[in-house]
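For the record, the sequence lines run as chains A and B. Count along the first sequence from 1, add 5, and you get the number used in this note's numbering. Count along the second sequence from 1, add 1, and you get the number used in this note's numbering.
Treat the hints loosely; a few may be bogus.
[Stated by the list, open to error] Lysine to aspartate or glutamate pairs mimicking EDC-like chemistry, simulated, CA-CA at most 20 angstroms apart:
id: 1; chain 1: A; residue 1: K290; chain 2: A; residue 2: E301
id: 2; chain 1: A; residue 1: K124; chain 2: A; residue 2: D292
id: 3; chain 1: A; residue 1: K256; chain 2: A; residue 2: E199
id: 4; chain 1: A; residue 1: K323; chain 2: B; residue 2: D142
id: 5; chain 1: A; residue 1: K329; chain 2: B; residue 2: E149
id: 6; chain 1: B; residue 1: K124; chain 2: B; residue 2: D112
id: 7; chain 1: A; residue 1: K323; chain 2: B; residue 2: E149
id: 8; chain 1: A; residue 1: K124; chain 2: A; residue 2: D283
id: 9; chain 1: A; residue 1: K323; chain 2: A; residue 2: D283
id: 10; chain 1: B; residue 1: K121; chain 2: B; residue 2: D173
id: 11; chain 1: A; residue 1: K323; chain 2: B; residue 2: E134
id: 12; chain 1: A; residue 1: K328; chain 2: B; residue 2: D112
id: 13; chain 1: A; residue 1: K323; chain 2: A; residue 2: E309
id: 14; chain 1: A; residue 1: K290; chain 2: A; residue 2: E116
id: 15; chain 1: A; residue 1: K256; chain 2: A; residue 2: E301
id: 16; chain 1: A; residue 1: K323; chain 2: B; residue 2: D173
id: 17; chain 1: A; residue 1: K290; chain 2: A; residue 2: E185
id: 18; chain 1: A; residue 1: K124; chain 2: A; residue 2: E315
Read the hints as simulated data drawn from the structure, not as lab findings.
Next come the chains, spelled out residue by residue.
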Amino acid sequence: MSALQTGSTTAADGTPPDLARRFDDTIARDQRIEPRDWMPEGYRRTLIRQVAQHAHSEIIGMQPEGEWITRAPSLRRKAILFAKVQDEAGHGLYLYSAAETLGADRADLTERLIEGRQKYSSIFNYPTVSFADVGVIGWFVDGAAICNQVPLCRSSYGPYARAMVRICKEESFHQRQGYELLMTMMRGTDAQREMVQDAVNRWWWPSLMMFGPPDDSSPNSAQSMAWKIKRHSNDELRRRFVDMTVPQAEKLGVTLPDPELRWNEELGRHDFGTPDWDELMRVIKGDGPCNAERIERRRTAHEEGAWVREAAAAHAAKQADRKKNGAVA
Amino acid sequence: MTATAPATAALALGDDALVLSHRLGEWAGHAPVLEEEVALANIALDLLGQARVLLSMAGDEDELAYLREERAFRNLQLVEQPNGDFAHTIARQLYFSTYQQLLYTELAAGDGPFAPLAAKAVKEVAYHRDHAEQWTLRLGDGTELSQERMQQACDALWRFTGEMFQPVEGLDADWADMETRWLESMTDVLGRATLTVPEGPRSGAWSAGAGRQGLHTEPFGRMLAEMQHLHRSHPGASW
Numbered sequence: 006m007s008a009l010q011t012g013s014t015t016a017a018d019g020t021p022p023d024l025a026r027r028f029d030d031t032i033a034r035d036q037r038i039e040p041r042d043w044m045p046e047g048y049r050r051t052l053i054r055q056v057a058q059h060a061h062s063e064i065i066g067m068q069p070e071g072e073w074i075t076r077a078p079s080l081r082r083k084a085i086l087f088a089k090v091q092d093e094a095g096h097g098l099y100l101y102s103a104a105e106t107l108g109a110d111r112a113d114l115t116e117r118l119i120e121g122r123q124k125y126s127s128i129f130n131y132p133t134v135s136f137a138d139v140g141v142i143g144w145f146v147d148g149a150a151i152c153n154q155v156p157l158c159r160s161s162y163g164p165y166a167r168a169m170v171r172i173c174k175e176e177s178f179h180q181r182q183g184y185e186l187l188m189t190m191m192r193g194t195d196a197q198r199e200m201v202q203d204a205v206n207r208w209w210w211p212s213l214m215m216f217g218p219p220d221d222s223s224p225n226s227a228q229s230m231a232w233k234i235k236r237h238s239n240d241e242l243r244r245r246f247v248d249m250t251v252p253q254a255e256k257l258g259v260t261l262p263d264p265e266l267r268w269n270e271e272l273g274r275h276d277f278g279t280p281d282w283d284e285l286m287r288v289i290k291g292d293g294p295c296n297a298e299r300i301e302r303r304r305t306a307h308e309e310g311a312w313v314r315e316a317a318a319a320h321a322a323k324q325a326d327r328k329k330n331g332a333v334a
Numbered sequence: 002m003t004a005t006a007p008a009t010a011a012l013a014l015g016d017d018a019l020v021l022s023h024r025l026g027e028w029a030g031h032a033p034v035l036e037e038e039v040a041l042a043n044i045a046l047d048l049l050g051q052a053r054v055l056l057s058m059a060g061d062e063d064e065l066a067y068l069r070e071e072r073a074f075r076n077l078q079l080v081e082q083p084n085g086d087f088a089h090t091i092a093r094q095l096y097f098s099t100y101q102q103l104l105y106t107e108l109a110a111g112d113g114p115f116a117p118l119a120a121k122a123v124k125e126v127a128y129h130r131d132h133a134e135q136w137t138l139r140l141g142d143g144t145e146l147s148q149e150r151m152q153q154a155c156d157a158l159w160r161f162t163g164e165m166f167q168p169v170e171g172l173d174a175d176w177a178d179m180e181t182r183w184l185e186s187m188t189d190v191l192g193r194a195t196l197t198v199p200e201g202p203r204s205g206a207w208s209a210g211a212g213r214q215g216l217h218t219e220p221f222g223r224m225l226a227e228m229q230h231l232h233r234s235h236p237g238a239s240w
């Protein structure tokens, strides 16, 4: 076992060593940490950050596709979009619940999101400018999410892993639907085929960036992997995504916008070009194409909904009072 | 075009569901709490499902949804009203889902062409009505501000409620009795929500029943422009 794996979890802060040892053992035996178990403060903080950002991504991720609900070109596609956006809100709810088992508070996490103190996936800062984007988001973005999330079904924190099992089932359904939309469009008119290729060109690199910075500049990764919160490195997951996607692109009849992309016989995987990491850093820091709009929309919904939440709380309090008084009388 | 009676009725009911579903879709990403993102999308999806069955009874669902102009739509003016604030959306839901529950219960009990659809839809509609009722109670009997907004919403939409009970050709229902029961239900729910039952006319813009004749309010054209734009831009394309 590496120094990293033992050194940072055992107690230097006065925690009884048997608790720390039990935690380390649980991780080592690939068993689950549950909400009432002792856990190192760093583990708790890292998980709250990751789960909250995951929840925020689901919620912000409703926007780029939600844009097209009112313009979906057939009733069938409209129904699919409604169901997908509804699923995303549901995923956000599961994940906020998982974060709450770690002692976080949903209202506080929402504040952090709209104040820009917590992040969400960089991908949702790109605009959806044609209906083909809806299909490409299903294919690439949900595809990348699946690569990321399937291993998280074995994450060491129980509530997170269980949320992932439910979420992954729905995500793979969305991914197939997105791909099927693109298939239908590719069999359609020239204009539809152009829309698909254009969308692929715009979303390819941002999708590769969803896996995060390269391993040599991903400071939290090693600890997260030691704690088995994460199971694979960013670069490893990115490679898997490329290997999975290339044959799908061929079948669809689109090209991926990377002149360096080719099969490497020796390594048994694809070589591909380097994403523009400066762009990723700009987007993460808030300077992507839609960062301001996405947060503003979330903030507006939250602020304009305040009176509704206050009414619900006031009504619940009145009901509780009536019940109490009724019980006394 | 002279449509047969079931087609006329299918369009009336189908357009109601289609248009209200669309309005609810405008809430995506804007709801006051996450639970309402889920609930409003859920209701919208139920309504869209109903619309697809009903429009398919009258013709091709996409042609009917995307290629008719404003004057050919047969929905109630109530369902095309803009979302407004959350109270307006809830008042619209309360008025409409109560009506839909009464109508579908009758249709489900009969042996007409709409009985199978109504039998399934009536379960969904019961949920929609319960959702609207619960929110009417929370907003009406919540804070001073929420009560004021809920009352304003009920008042503003009241004038569109009369047209729901104009008989629709091809639908076998006791319209007068439904209206009585609808009014009783409103008196009950609004009363429990500490709200006043509005007193104004219920004749709608133009006149009661105008929506069913294809006479709509101004916001509807803009709604259709958005809904139909992409479909119309690519004639003959499949999606």
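Against the structure, the hints:
1. A/K290 x A/E301: holds (16 angstroms)
2. A/K124 x A/D292: At roughly 13 angstroms apart (the allowed maximum being 20 angstroms), A/D292 and A/K124 satisfy the hint.
3. A/K256 x A/E199: holds (16 angstroms)
4. A/K323 x B/D142: Cα-Cα ~8 angstroms, so holds.
5. A/K329 x B/E149: violated (27 angstroms)
6. B/K124 x B/D112: Holds. B/K124 to B/D112 sits at ~18 angstroms (cutoff 20 angstroms).
7. A/K323 x B/E149: Since the Cα atoms of A/K323 and B/E149 sit roughly 17 angstroms apart, the hinted pair holds (cutoff 20 angstroms).
8. A/K124 x A/D283: Holds, because 17 angstroms separates the two Cα atoms, which is no more than 20 angstroms.
9. A/K323 x A/D283: Distance ~54 angstroms between A/K323 and A/D283 Cα, so the pair is violated.
10. B/K121 x B/D173: OK: B/K121 and B/D173 at ~18 angstroms, within 20 angstroms.
11. A/K323 x B/E134: holds (17 angstroms)
12. A/K328 x B/D112: violated (45 angstroms)
13. A/K323 x A/E309: Given pair A/K323, A/E309 is violated - Cα atoms ~23 angstroms apart, limit 20 angstroms.
14. A/K290 x A/E116: With Cα atoms ~18 angstroms apart, A/K290 and A/E116 stay inside 20 angstroms; holds.
15. A/K256 x A/E301: Since the Cα atoms of A/K256 and A/E301 sit roughly 39 angstroms apart, the hinted pair is violated (cutoff 20 angstroms).
16. A/K323 x B/D173: violated (43 angstroms)
17. A/K290 x A/E185: violated (34 angstroms)
18. A/K124 x A/E315: Distance of about 27 angstroms is beyond 20 angstroms: violated.
Hints 5, 9, 12, 13, 15, 16, 17, 18, counting from the list given before, are not met by this structure.
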